[in-house]
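Asks: Single-letter residue listing:
Protein chains: 2
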Amino acid sequence: MDNFIFYNPVKIIFGKNTIPELTNEVSKYNRILLAYGGGSIKKNGVYDQVVTALANHTIFEFQGIEPNPKYETLMRAVELCRTEKIEFILAVGGGSVIDGCKFIAAAVDYEGDPWEFVGDFTGKSIKSSIPLGTILTLPAAGSEMNCGAVISRANSPDKLPFASQKVFPRFSILDPETTFTLPTAQTANGIVDAFVHITEQYLTFNANASVQDHWAEGLLLSLLEEGPKVLADPENYDARANIMWASTMALNGLLSVGVSTDWATHMLGHELTAKFGLDHGVTLAIVWPSMMRIKKNNKFNKLLRYAKEVWGIGEGEDAEKIEKAITKTQEFFESIGIKTHLSDYGIGREDIDGLIGQLDKHGMDRLGERQDINLEESRLILEACL
Amino acid sequence: MDNFIFYNPVKIIFGKNTIPELTNEVSKYNRILLAYGGGSIKKNGVYDQVVTALANHTIFEFQGIEPNPKYETLMRAVELCRTEKIEFILAVGGGSVIDGCKFIAAAVDYEGDPWEFVGDFTGKSIKSSIPLGTILTLPAAGSEMNCGAVISRANSPDKLPFASQKVFPRFSILDPETTFTLPTAQTANGIVDAFVHITEQYLTFNANASVQDHWAEGLLLSLLEEGPKVLADPENYDARANIMWASTMALNGLLSVGVSTDWATHMLGHELTAKFGLDHGVTLAIVWPSMMRIKKNNKFNKLLRYAKEVWGIGEGEDAEKIEKAITKTQEFFESIGIKTHLSDYGIGREDIDGLIGQLDKHGMDRLGERQDINLEESRLILEACL
Numbered sequence: 026m027d028n029f030i031f032y033n034p035v036k037i038i039f040g041k042n043t044i045p046e047l048t049n050e051v052s053k054y055n056r057i058l059l060a061y062g063g064g065s066i067k068k069n070g071v072y073d074q075v076v077t078a079l080a081n082h083t084i085f086e087f088q089g090i091e092p093n094p095k096y097e098t099l100m101r102a103v104e105l106c107r108t109e110k111i112e113f114i115l116a117v118g119g120g121s122v123i124d125g126c127k128f129i130a131a132a133v134d135y136e137g138d139p140w141e142f143v144g145d146f147t148g149k150s151i152k153s154s155i156p157l158g159t160i161l162t163l164p165a166a167g168s169e170m171n172c173g174a175v176i177s178r179a180n181s182p183d184k185l186p187f188a189s190q191k192v193f194p195r196f197s198i199l200d201p202e203t204t205f206t207l208p209t210a211q212t213a214n215g216i217v218d219a220f221v222h223i224t225e226q227y228l229t230f231n232a233n234a235s236v237q238d239h240w241a242e243g244l245l246l247s248l249l250e251e252g253p254k255v256l257a258d259p260e261n262y263d264a265r266a267n268i269m270w271a272s273t274m275a276l277n278g279l280l281s282v283g284v285s286t287d288w289a290t291h292m293l294g295h296e297l298t299a300k301f302g303l304d305h306g307v308t309l310a311i312v313w314p315s316m317m318r319i320k321k322n323n324k325f326n327k328l329l330r331y332a333k334e335v336w337g338i339g340e341g342e343d344a345e346k347i348e349k350a351i352t353k354t355q356e357f358f359e360s361i362g363i364k365t366h367l368s369d370y371g372i373g374r375e376d377i378d379g380l381i382g383q384l385d386k387h388g389m390d391r392l393g394e395r396q397d398i399n400l401e402e403s404r405l406i407l408e409a410c411l
Numbered sequence: 026m027d028n029f030i031f032y033n034p035v036k037i038i039f040g041k042n043t044i045p046e047l048t049n050e051v052s053k054y055n056r057i058l059l060a061y062g063g064g065s066i067k068k069n070g071v072y073d074q075v076v077t078a079l080a081n082h083t084i085f086e087f088q089g090i091e092p093n094p095k096y097e098t099l100m101r102a103v104e105l106c107r108t109e110k111i112e113f114i115l116a117v118g119g120g121s122v123i124d125g126c127k128f129i130a131a132a133v134d135y136e137g138d139p140w141e142f143v144g145d146f147t148g149k150s151i152k153s154s155i156p157l158g159t160i161l162t163l164p165a166a167g168s169e170m171n172c173g174a175v176i177s178r179a180n181s182p183d184k185l186p187f188a189s190q191k192v193f194p195r196f197s198i199l200d201p202e203t204t205f206t207l208p209t210a211q212t213a214n215g216i217v218d219a220f221v222h223i224t225e226q227y228l229t230f231n232a233n234a235s236v237q238d239h240w241a242e243g244l245l246l247s248l249l250e251e252g253p254k255v256l257a258d259p260e261n262y263d264a265r266a267n268i269m270w271a272s273t274m275a276l277n278g279l280l281s282v283g284v285s286t287d288w289a290t291h292m293l294g295h296e297l298t299a300k301f302g303l304d305h306g307v308t309l310a311i312v313w314p315s316m317m318r319i320k321k322n323n324k325f326n327k328l329l330r331y332a333k334e335v336w337g338i339g340e341g342e343d344a345e346k347i348e349k350a351i352t353k354t355q356e357f358f359e360s361i362g363i364k365t366h367l368s369d370y371g372i373g374r375e376d377i378d379g380l381i382g383q384l385d386k387h388g389m390d391r392l393g394e395r396q397d398i399n400l401e402e403s404r405l406i407l408e409a410c411l
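Protein chains in written order, with the numbering used here: chain A, 26 to 411; chain B, 26 to 411.
In short, the hints are calculated from the structure, not lab data.
Just so we're clear, the structure is a prediction, and the values are computed from it rather than from any experiment.
Worth double-checking, as some hints may not be accurate.
Copies of the same chain are indistinguishable here, so a pair counts whether it falls within one copy or spans any two.
[To be verified] Listed below are the simulated SDA-like cross-link pairs for lysine to any residue, each with C-alpha atoms no more than 25 Å apart in a straight line:
hint	residue 1	residue 2
1	K41	P259
2	K68	G388
3	K149	S52
4	K68	F146
5	K191	Y54
6	K353	T147
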C-alpha cells in the first residue's frame, strides 16, 4: 500500500426531511447566495423548503448554472458575490451546480483571472474561499463530499478539473426523497458516473490494499443491486438512499487512498462532452468498455478480481472471464437505458481527429495509472467505441 | 435506512516514515504534552522519532497511561497541563493512551470533577478541549479517528465511555512499521477488537443499508485474510498496513450511519476487564460467541447474511448455517491465540453474580440494538461463556 493523507471534514446530514437543518448550519451568515440550475427545484418542492429554512437571511438568487458549468456563467455569479458582499454560498442541485459553486467561492477573492486556477490539482493557486454548503438533488458526481470540481468554457472545447481543500463544502444535506422526481435518464447517468468513479480507483495496479479493494467491490455491488430498483420504482426510499450514499462514498477520497488511480475514461469522456454535448454519464458508458478491453493487460489481475468478486464469474480461462465481466458491465449500462457506442449518438470515425486534437491541446497525452495512454492509443480506444 | 449525521474531520497521515510529518502538524503550538504508556515506544524507536520531530518545541512528558486508563492517573496529567499551560497534547500509543489523552484534553478546562462527563455520549457536558493529535502504534480501538473514549477508575469496577466532537484528534499518524514489534497477543487482541467493533454495527436489524452492509463485510474479510498474515510474518508491511487501516475504518462512524448498533458484547466485556483485568480483546472473544447464539433470533437475517458473505456458507438449513458461522468465528479467535471461554481464565460460575451486580450498578440492564438484554439474559450469556 502506498503512503497517503486522508482528510475530509464535510459534515453530511442525510435522510428524510433534513432540509430544515439548513437553518442551523448557516446561522452565522446573513448574506447568502442561493445558486441552482435550470429550475427543477421549483417544481419538486426543494426551492420552497430552502427558502423557508433561510427565512431570516438575506438571499441573493443565482439561477441557471448549466450542466458542465461554464466559466462565463459562473463569472456573473462571482460579480454578484463581489457586489453584494456575499458571506456564504448555498449550492442546490447536482454535481454541476456544486462544482460551479466551488469555482465561484474560490474566484471571489482570487487576484487575477480565476480561469488560471482551473487545471490546478495541487491546491496551491487558491489561497482562500467563501464558505459554501450544498443540498444535493442528483446523486452522481460525489462533489458534495470532496474538494474537486470540473469547469468548462463556452464556445470552446475546454472542460478541466481543479481541486483545493479550501472548497470543501462545510456541510451537505442529502435527502433521498428529493431524487424521487428525477428524470430516468439522469438517474441512470448518475449510476454510471458513480460506477466509473469507483472503477477508476479500483481497476489499476494491485497495491495489496485490502480494505480499498473490498470497499470498491461493495460499492459496485450496491449500485448493481440498487440501481435497477430505483429505475423500476422511483419512490423506493431505501434504494434511493443507497444510490445516494454509494455515489457520495464513491468519490470522497476513501477509495483512492494508498492506491493508484486511472481517470483516463473520464478524460476521454470530458472531450466527448465538450465537443458534442453528450451527458457525462453517457460518455463514460461509451468509453469504459473499450478502455477496459484495450488496457486489459495493464489491469489483468484487477479485472480478474473484478470478474470474480463483482460478477461472480469463476469458470473459464482468465481472459474469457475478463471479457465476460466487461460485457456484463456494458450490458448493465444498456439495461438501465444508456447506449454504449458512439454511433448511437451520430458520432463517426470522421469525428475522431477532432477529439484527438482536443486531447492534445489539453495535454492529455499520457493518461491512465501508468501514464502510458498516448494520443495514438486514445485513438484506438475511441475507434473501438464506434 | 435511518436518518444520520456523519462528520469526521480527523486528518490521517498514513504510511512508512510518516512520523516526521509531526513537525508540520504542530507548528502552531509550543508547549506540548507528550503522553504515552509503559515505555515500549522507547524500545521500538518511535520515541526518538517523535522527540526529533518536536525538537523546536517545549516538551512535557507524561509516561504511564495504563491499559484501561485510570481516572486517577489521568488527573495527574490534567494537573500537569494546568500547571504548565500545555497548548497541545500528543498521544503516542494505542487506544488506551489515546482515550486517556481525550479525557485529559477535555478535563483541563472543565469546571467541576471531570468524572462527571464520563458516561455522557451526547457531548453536552464538554464545552471545550485542548487540541490533541495521535501517533498510533497499536491498531485495535479505532480511537485515532473518532471522538469517543473509555475511562476506568482505580480500585473500582467502573469502566465507562464518553464522547464529544471536541476531542476529535486534529491528526493521527499511522505508520504500519511501528507495529512490527508488537507482542503477538496485542496484535491478536487488536484484530478481535476491530472484528467485534464491526459486528456490533453490522449484526443488528436489517436497515436495507446496502453500502454499510457491504463495507462491514469487506472489513471483516480484510481482518480474516490479513490477520493470519501478520501473525505468521510480523514484518509483512502490506498486511500490517491493511490491519491498521481496517481497524481505523471499523470505528470511525462510517459503519454505524443509518443503522442500529448493538454494543452489548462490549458492555459485558468492559465488566470482565474491570473486575478481572482481562485484556479488552480477550473479553470480546469470550462474550461474542455466546451473545450471538443467545441473540440469534433477533439477528437472524443478518447472521444468515454474515454466514454467506463472510464465510461463504451456502449449504444447509438456515439455523445450521448460522451456527456454523458462529463456530467458525470462534475458531478464528482461537486460531490467532485467544481462548474463548471464561474457564480458560479461571473465571467460574461463582463469579457471575458479581458481574451482574456491576452491570446493575452501571445501569446496563437494557442492552443490545433492541434494548432487550436485561440482567437475567446477561446472566444466561455469561453462563454460556463458561
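Asks: Treating 25 Å as the Cα threshold, decide for K191 and Y54: within, between, both or neither.
Replies: both (18 Å within a copy, 22 Å between copies)
Asks: Can you give me the call for K353 and T147, within, between, both or neither, at a CA distance of at most 25 Å?
Replies: neither (37 Å within a copy, 47 Å between copies)
Asks: Is it within, between, both or neither when you check K41 against P259 at 25 Å Cα-Cα?
Replies: within (15 Å within a copy, 47 Å between copies)
Asks: Given identical chains, is K68 near F146, meaning Cα to Cα at most 25 Å, within a copy, between copies, both, or neither?
Replies: Intra 36 Å, inter 41 Å, cutoff 25 Å: neither.
Asks: Check K68 against G388 for me: Cα-Cα at most 25 Å, and say if that holds within a copy, between copies, both or neither.
Replies: Answer is neither: 41 Å inside a copy and 51 Å across each miss the 25 Å cutoff.
Asks: Within, between, both or neither: how does the pair K149, S52 come out at a Cα-Cα threshold of 25 Å?
Replies: between (30 Å within a copy, 20 Å between copies)
Hints 2, 4, 6 from the earlier list are contradicted by this structure; the remaining hints agree with it.
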